[in-house]
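Novice: What follows is the residue order along each chain.
Protein chains: 2
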Amino acid sequence: MLPPTTTAIRSWRPPKPRSSLFTRGLSGLTINSGRLMETLHQTCQWGAAHPYGKSRDSHHRTIRALADSHAAKTSAATETGMARLALDDDDARVRRWFASETEKLGCHNTTDQMGNMFARQAGSLGSPAPMTAMGSHLDTQPRGGRYDGILGVMAALEVLRTLKDKGRKTKYDLGAINWTNEEGARFPKSMVSSAVWSGSIPLEDAYSLADIFNPQATMESELRRHGFIGDIPCSSNANPIGAHFELHIEQGPILEDDGKKLGVVQGAQAYKWLTVTVNGRDAHTGTTPMAARRDPILAVAKMIAASNAIARESDALASTGIIKIPPGSSTNTLASQASFSLDIRHPHDDVVAGVVSRCLESFKQIAAGDGKGVDISWTLDTDSPAIKFDPECIKVVQQSADELVGPDGWLPLTSGAGHDSVETNKRCPTTMIFVPCRNGVSHHPEEYCSPEDCAIGTQALLEAVLKYDELRATKDN
Amino acid sequence: MLPPTTTAIRSWRPPKPRSSLFTRGLSGLTINSGRLMETLHQTCQWGAAHPYGKSRDSHHRTIRALADSHAAKTSAATETGMARLALDDDDARVRRWFASETEKLGCHNTTDQMGNMFARQAGSLGSPAPMTAMGSHLDTQPRGGRYDGILGVMAALEVLRTLKDKGRKTKYDLGAINWTNEEGARFPKSMVSSAVWSGSIPLEDAYSLADIFNPQATMESELRRHGFIGDIPCSSNANPIGAHFELHIEQGPILEDDGKKLGVVQGAQAYKWLTVTVNGRDAHTGTTPMAARRDPILAVAKMIAASNAIARESDALASTGIIKIPPGSSTNTLASQASFSLDIRHPHDDVVAGVVSRCLESFKQIAAGDGKGVDISWTLDTDSPAIKFDPECIKVVQQSADELVGPDGWLPLTSGAGHDSVETNKRCPTTMIFVPCRNGVSHHPEEYCSPEDCAIGTQALLEAVLKYDELRATKDN
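Residue numbers (the numbering used here), protein chains in the order written: chain A, 283 to 759; chain B, 283 to 759.
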């Protein structure tokens, strides 16, 4: 039996730990939130796009008027989205900057065959064991924001900077990772480089991915052009990591709606993506009686409505982002074909499977239901089982959250989206920390996480990796 | 109160006439059905496209194999559709051919400013009164067939040829008309030249219509290029016609399904075309709970399904031919906007108005119904009231149908589509004769009307215009 859920991506709060057992107290270190935000926005100079709010307004003002208000200009400067596509020139710039900053901290930097960047800060033990890693990505959607992925890398850097500033060392090596092309927006495969690292995707398949607008540019050719093909294999065997912690904006509205500051991520939802194609007959809308029609658009409309109703019965998510009809369609002609994407998600594999199965059953009935019926076919394009993150990683994050924002200040969540952490979780202990984002908006220029929330998340990341470092030491003894 | 209808485009059979009053018997003339079909297919050499059946198969055979079978080749030759767009080079060829053939019959030919072609065969009275006309069009859809429009012009020519052959003259002048650009496929306004003639559209508006693929080519420039701008005004005042009869394929399945040979067309349906636009919020499908969504595609799906259900309650037609979503949509992002076309039809104006009104009411409820709701707006793009054809024209067609195929061989129908006759009906007594087309298919390469049905329709056209000629004479005396 499945536990009831109030929404598909809200998880169950684990039993409250006895504080004596888990609480070891905060580190006494405090991240520099001003530096964190300054660094984040500074690096967003590479790829800034899609101004909004004051920034957009400023495009309608004269330069002279702008010059009158330095304050307005400064504030407006951060009110843009981002268009920093994987391995474009701006991505190359921010990557070089990241290498340079981590070198300044004394990190040992390596890059693998997929351009994944590993910055390793030596621990006090001098242990050759794999580092505890804090990873995320610096690439964005074409109409993306300043926080998705970017915050995770900036937070990792801020943790390393804080430790360095205070002369504090972890026992085991600690590091930051920038995974290449998490978004899959330019080279169309999300999390492709962490997936090569985890062994889910062959290197050659990733190399051959072409720019969606320029088939001449592949991941390999762009990595080569920028000099980003490193000398170590992209492989969790050849280049293992000890654990992977990722700070990320929630990309949904739950934390904000509930007034919570942190999400302790338990895992990631299962999801299946289908493309459903309906074939009918193009016919004149004025001369074809309802009973004589084979109308694919009507059938698709009913199927989308039905999938939504079926998913709701199971507290699952059903979403259609794409509807396609043939070119040259017109108001007075029924289309010959229509197709749509269907994305079904729930934290439990069997719920997803059940919803998909009931949808397809319903679609068959709908296909036979109007006029002379339509033909239906479908493909299963993606089948991603539910992911459970590592209990010990979750535990140290939860403990840090309790200490930082109190037991009522955080929520256990299940990630609705895919992340590099889903790939690392296959090969090493992994979890994620979520922070609220305004109105739940992500993959959008207006994506926003307040400086306070960025700081709380980064502090939680710091506390969690320090606790995990202690845990590793305890286990090794 | 409205009469009940079984389908939206099936009309009520008028009270059966007492045969003594109306039946005057057949003319004793018989059209040449072999010549009719030979001429029709011969002229389809100009614009033949989209082979299907044997013809398509032949493209996969070698020329040698084809040459072995003259019969197969001959049959295959007619198994193509047509792409003879208004005022393209093929349309120019068939127009010149039409002028030449009608001249051979001794017709007095004129062309008006819109290139509408009038071929006038002198009657025995030598009356200057406007001619009784048989009109349709020679242009086709880009993926059209060999019968829509073409049959009507070929039948008119065959009637003129039959009269000439037999030395038979009508009392009043009788003629054939080829209306320019009925389809509106290349220059995007249907029935544009008959509409200029009827005074519905200013000449300048029609002249400035541009080729949908080549903005440099306008109707005026293409008429001029081919030398088709005639010296008489395109105007029902300056160039009136006495009556307009149009033979046309039904473009729907009713006659075929009912085993009837002729449709006596009572008028044309009312219709309204709307574009409905729904605005929501693009959001991640994995991270956005159902309750937080503003999902335009879901709302549009429900609206299309609702419009269909609402129309059915009134035996009206509701059709969506176009759905649009923003470019760059993806499986895991809810769209920010979706829009759809809505085409509502019924023989009665008030039924159409009622269905539209109930649809919009329902759309508002749907817009508020899911998640955080969506915004809705709409435009009324076309508003075409119901058309009633002329009772006397209908009467002579009905009488001819009774005599040719018996009272059970024909049906009273309401045209579901627009035709040049809808425009002529504004200025002169008009009606149409429908013949069955295979599977109700039209605007499609496989559009087909059997030689027998083409012949019956053409014979009915001949009988009807002869009866109408008698009626005119009776009325004038």
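Treat the hints as calculated values from the structure; they're not laboratory data. Don't take each hint at face value.
Copies of the same chain look alike in the list, so a pair counts if it fits in one copy or across any two.
Said to hold, decoys possible - Derived DSSO-like pairs (lysine-lysine); straight-line CA-CA distance at most 30 Å:
| no. | residue 1 | residue 2 |
| --- | --- | --- |
| 1 | 542 | 654 |
| 2 | 677 | 606 |
| 3 | 670 | 446 |
| 4 | 448 | 670 |
| 5 | 646 | 757 |
| 6 | 670 | 386 |
| 7 | 471 | 446 |
| 8 | 471 | 451 |
| 9 | 606 | 654 |
| 10 | 453 | 606 |
| 11 | 757 | 670 |
Novice: Look at each hint and say if it fits the structure.
Specialist: Hint check:
no. : hint        : verdict
1   : 542 <-> 654 : between (53 Å within a copy, 21 Å between copies)
2   : 677 <-> 606 : neither (45 Å within a copy, 47 Å between copies)
3   : 670 <-> 446 : neither (33 Å within a copy, 88 Å between copies)
4   : 448 <-> 670 : neither (35 Å within a copy, 91 Å between copies)
5   : 646 <-> 757 : neither (55 Å within a copy, 61 Å between copies)
6   : 670 <-> 386 : neither (36 Å within a copy, 86 Å between copies)
7   : 471 <-> 446 : neither (36 Å within a copy, 73 Å between copies)
8   : 471 <-> 451 : neither (37 Å within a copy, 76 Å between copies)
9   : 606 <-> 654 : both (22 Å within a copy, 25 Å between copies)
10  : 453 <-> 606 : neither (55 Å within a copy, 57 Å between copies)
11  : 757 <-> 670 : within (22 Å within a copy, 91 Å between copies)
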